[in-house]
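Student: If you're matching them up, the sequences are chains A and B in order. The opening residue of the first sequence carries number 25 in this note's numbering; numbering runs sequentially from there. The opening residue of the second sequence carries number 33 in this note's numbering; numbering runs sequentially from there.
No wet-lab data here; the hints were simulated from the structure. Honestly, I wouldn't trust all of these hints.
[Stated by the list, open to error] On the chain A side, residues computed to face chain B include the following (Cβ under 7 Å):
| id | residue |
| --- | --- |
| 1 | E56 |
| 2 | G57 |
| 3 | Y63 |
| 4 | F88 |
| 5 | L92 |
| 6 | K128 |
| 7 | T129 |
| 8 | D133 |
| 9 | I135 |
| 10 | S139 |
| 11 | V140 |
| 12 | E147 |
| 13 | E148 |
| 14 | L156 |
| 15 | K159 |
As the structure is a prediction and not an experimental result, all values here were calculated from the model. We put the CB at the ideal spot given by N, CA and C, even for glycine.
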Amino acid sequence: MQTASPYHHTNEQLVSELDMIKAAQKDTKNFEGLYNKYYEQIFRYCYQRLDNEEEAHDMTSQVFLKALTNLNKYEYKGVPFGSWLYRIAMSIVYQSFKDKKAEKTVNIDSIIFKSVLIDEPTEELFSSEEQLKLKLALKTLKKEEIEIIELRYFEDRSFKEIAEILEIKENNAKVKAHRILGKLKIKFTT
Amino acid sequence: MKINYDRPKVESSSINQKKNFDQLIKLHASATLPFYKKGWFIGTTISLAAIVIGILLVNEESYIIPKEKSIQKNSLVSNNFIQKAEGKITYTEDTPCVKPPSKRLTIPFETYKIDPSKKQSIHLKNATITIPSFAFLTKDKKQTSDSILLKLRVFNDPIDFILSGIPMEYDSAGKTYTFESSGMFELEGRTINNSAIMIDENNPLTIAFDVPEETTNFNFYELDTINKSWSYITSNTLRKEKSSFETPKTHSFDESEWKTTYRNQNIANQKWKAAEKEVVKHQKTKPLRPNKLNEKDKTFTLDIDKRQFPELSSFSKLNFEPINATKNISSIYTTEWNSIKLKEHKKGVSYQIILQNESSIESVIAKPVYEGKNWAEAQLLYSDKFAKYVSMLDQKEATSEKLKEDYLKKKQLFDERDQLKNKVKQTVQSISTSLVAPILKFGICNFDKPIVNRPKLEEKSKAPILASPKEDLRIKTIERPSFANEKGNKLQFEKIYVIESKRNASFTYDLNKNNHFKYNTTSSISIIGFNENQDLILIDKANFKTATKNNETFIGKEMPNISVPELKKLVLKI
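With the hints as extra help, turn the sequences into a complete structure.
Tutor: The following block contains the structure:
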């Protein structure tokens with residue numbers, strides 16, 4: 025069963041996290057708490073977009089190294105520290121596709137996403153013809169559009185979380201997600 | 033774009049095992065060095081200096097760098113790679129203690145590029161070298177973050193030992209032994225900029241040679257090229273540990289069944305999650321209990337456009353009461369409005385009333401409130417809607433519960449298969465045997481078992497412990513042998529190498545020093561020599577059984593073009 029996203033924070037949690045960040049800015053050893061807190065989330069983010077578990081761990085390490093290196097440049101914006109880490113992860117993952125001239129990987133839970141696409145609960149998996157249609161439909165999307173679809177429908181994140189990761193307004197995230205899904209639905213069902 | 037459907041999820045425990053904060057801190061420390069302390073800067077500076085010196089030398093027509101020592105294009109490894117490194121002395125081909133018998137038949141090095149900040153492993157055919165993070169030190173004993181080039185070659189069998197030119201004799205307390213090896217290797221390392229490095233002895237590399245299960249302990253030695261002798265390092269090398277590889281032959285685990293049960297439980301989980309979502313979605317449609325009108329003065333009575341608001345179509349002259357007004361709205365009840373519009377605010381719950389006259393416009397959020405006939409109708413509608421809602425909710429919850437049960441059953445089935453897989457892994461792992469030792473320095477190391485060298489004839493009486501009487505009978509000694517090619521021309525050897533099929537060793541006989549050699553008549557024997565042109569000569573096996581003890585002439589076949597694999601196939605049948 026999907027558990028509540030560990031991303032969201034209460035005000036008290038945000039304040040306590042800010043203290044951890046300030047301590048880590050003074051001494052990198054204090055970064056351990058943030059590292060432990062976010063390692064799994066960042067790993068899962070990377071792994072969702074990659075084909076290989078080892079590569080995902082490698083990339084996760086790169087994310088934290090970059091975060092640690094740039095920690096003094098971090099500006100608190102009233103959202104969890106994780107949103108900053110996700111943006112670093114996004115940049116590193118997409119840069120690696122560029123560097124390696126590699127294909128992006130998309131990981132889909134068939135039944136859940138098919139239910140979303142056909143607007144009703146289903147127990148059916150994607151047929152080969154539907155898989156081809158979906159692939160072609162996803163290929164027409166821009167990088168940012170795929171990112172929104174992944175965050176919302178493959179990773180089951182809230183619009184608030186998506187908005188904070190992508191630094192857009194929550195309402196904007198909602199509108200974009202619905203619009204992109206609409207495009208996909210048309211391509212998938214016709 | 034690659035699409036994976038229903039890929040197995042990675043367990044949190046597995047993710048968390050890979051966390052390594054210490055390594056992150058080390059990486060960060062090395063990444064934040066000032067530029068003049070970084071490898072690329074030092075390397076570039078040295079390279080530039082070398083280029084400038086090179087140009088000066090060429091201009092003075094004193095080109096002293098021979099062609100074969102130039103940098104190879106692809107590997108970035110110089111041919112004179114093996115040279116003195118800080119803290120130890122490695123050998124070159126000219127060092128007398130290592131003398132390959134042939135320049136043509138050699139065991140080549142493999143080069144590996146290593147990121148020193150990461151723990152890595154080099155997997156070879158029958159050995160694994162594990163390199164911990166930050167295992168290499170520079171001249172001044174500091175950790176380096178520059179890429180490392182490791183040159184490695186492994187010697188597995190008697191042909192490798194012979195061709196390596198590495199002495200396989202070991203002297204202990206004045207007694208000479210020949211090594212029977214279970215694996216020998218040579219390892220060298222430099223930074224990518226060709227700077228000397230050494231292994232941090234407090235954080236050494238580890239080598240593990242896979243050996244047959246019945247293998248007993250072997251000692252681990254290092255070749256001391258200064259003293260031209262082997263130094264004993266450790267004897268505790270045998271490990272009967274769980275290994276990471278599986279041998280499918282030894283178990284009946286059905287991988288495809290495991291995958292099928294995984295897929296089934298994953299699909300069942302998805303179905304259950306979807307049904308759960310449906311329940312939550314339906315709960316949001318729970319009809320709201322109608323509100324009875326309290327203060328008529330503070331409501332607006334409107335005729336509803338039944339096409340625009342079908343949910344209110346059962347009512348006529350319906351009252352709307354403003355809710356949670358944040359501003360003082362008392363004036364709106366006393367103002368005369370020319371136009372009143374109703375808009376949906378929150379479906380089935382609240383509406384926006386827009387009031388307008390020539391001079392102003394006001395908007396309030398209001399809920400429908402009922403009185404009289406409307407109240408009775410609203411209650412009837414509510415009861416009907418609520419009954420339908422509850423019935424649908426029951427159905428959806430029942431479906432969800434059923435799917436949950438189905439998922440749990442399938443999960444249990446998968447968990448059983450998964451446990452079986454792990455058990456099978458453990459069983460297989462427990463039978464793996466390897467010889468393991470730390471690599472503290474670059475150079476040549478060997479897992480060996482010393483075999484007492486067969487005594488010279490004249491020593492026999494003085495050294496009875498060197499061979500059992502039984503063995504003596506099986507050992508044939510050939511005094512003053514001579515060798516000829518197939519045409520009858522005499523062949524001259526400095527050394528000959530005797531390979532016995534029962535030993536993973538080669539016995540070297542220096543014919544100039546002691547003009548004899550020995551072999552075990554119960555083994556299949558191969559004898560190899562090299563002529564003055566370093567061409568390989570293989571002595572005809574037909575001679576060995578009939579050979580008399582003295583002055584026997586052995587016929588050798590000259591094989592100037594044979595390759596190492598061909599030689600192994602011919603002699604060792606591998």
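Student: Does each hint fit the structure? Answer for all of them.
Tutor: Going through the hints against the structure:
1. E56: holds (5 Å)
2. G57: violated (10 Å)
3. Y63: holds (5 Å)
4. F88: holds (6 Å)
5. L92: The hint holds - L92 of chain A has a Cβ within 7 Å of chain B, the shortest such distance being about 5 Å.
6. K128: holds (5 Å)
7. T129: holds (5 Å)
8. D133: D133 of chain A check passes; min Cβ-Cβ to chain B is 5 Å, inside 7 Å.
9. I135: holds (4 Å)
10. S139: Constraint on S139 of chain A satisfied, holds at 5 Å.
11. V140: violated (9 Å)
12. E147: holds (5 Å)
13. E148: Hint violated; E148 of chain A Cβ to chain B Cβ min 10 Å, cut 7 Å.
14. L156: violated (10 Å)
15. K159: holds (6 Å)
In this structure, the earlier hints numbered 2, 11, 13 and 14 are contradicted, and the remaining ones agree with it.
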